[in-house]
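Participant: Sequence:
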Amino acid sequence: AEATALLSCGRAALVLAVGSHEPRKNHLNLLHAAELCWGRGDDFALAFVGGNAWGDREFSRRVAELQALGHPVRVLLGPPDALLGGAYRAARFTVFPSLSEGFGLPVAESLAAGTPVITSDIGSMREIASRGGALVVDPHDPRAIAAAMSRLLRDDALLGDLRAQAAARPASTWADYAARAWDALVTGSASVPSPSTQGCSRGSQGP
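Residue 156 in my numbering sits at position 167 of the sequence shown, with consecutive numbering throughout.
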């Protein structure tokens, strides 16, 4: 309830973007996509929740421009874990269009919370998404991001299917991953799936 009140701006749907504010997170293209969605009549609030920020002058300028036009976009830095968890659960879906990631932790966290995610059709993010609960898009194309956002804002059946897929994903902890990784290093025979493909939740992970 606290997360909804703080981030939703009174709108029917909350769209959440989690991650630090830096160029590779591709937040400018997400802002462009959101503007396209608002222009076609989609009703939602967009909230950016994350940690440190750098190289974000243009991002901050665009946020201010959209806010001045009356669009419901909010930025929250350094939220407590409880608020972040509530935000994941309150969101209709999350968007993570990063251009480069090692694990893509916000994708795994969103799915572990049962919340569908739109993410990049590249690298580890595509791998995580392949297990269900997600749509993948070309992160370089704001129109593709906007099209996926509109689908999940307007199509309750599709959203429900993705929520069911997210709920059905197998759970795994970072301890499980570490044990498998150690076994693989020692014996050279074990399969070591990325922990981010297994729906890890923040509470089960190390720092």
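Fair warning: there could be bad hints in the mix.
Label pairs and their in silico Cβ distance ranges [unchecked claim]:
| id | residue 1 | residue 2 | range |
| --- | --- | --- | --- |
| 1 | 112 | 132 | 15 to 23 angstroms |
| 2 | 110 | 159 | 38 to 46 angstroms |
| 3 | 154 | 56 | 29 to 37 angstroms |
Read the hints as simulated data drawn from the structure, not as lab findings. A virtual CB, placed ideally from N, CA and C, is assigned to each residue, including glycine.
Participant: So which hints don't hold here, by number, going up?
Facilitator: 2
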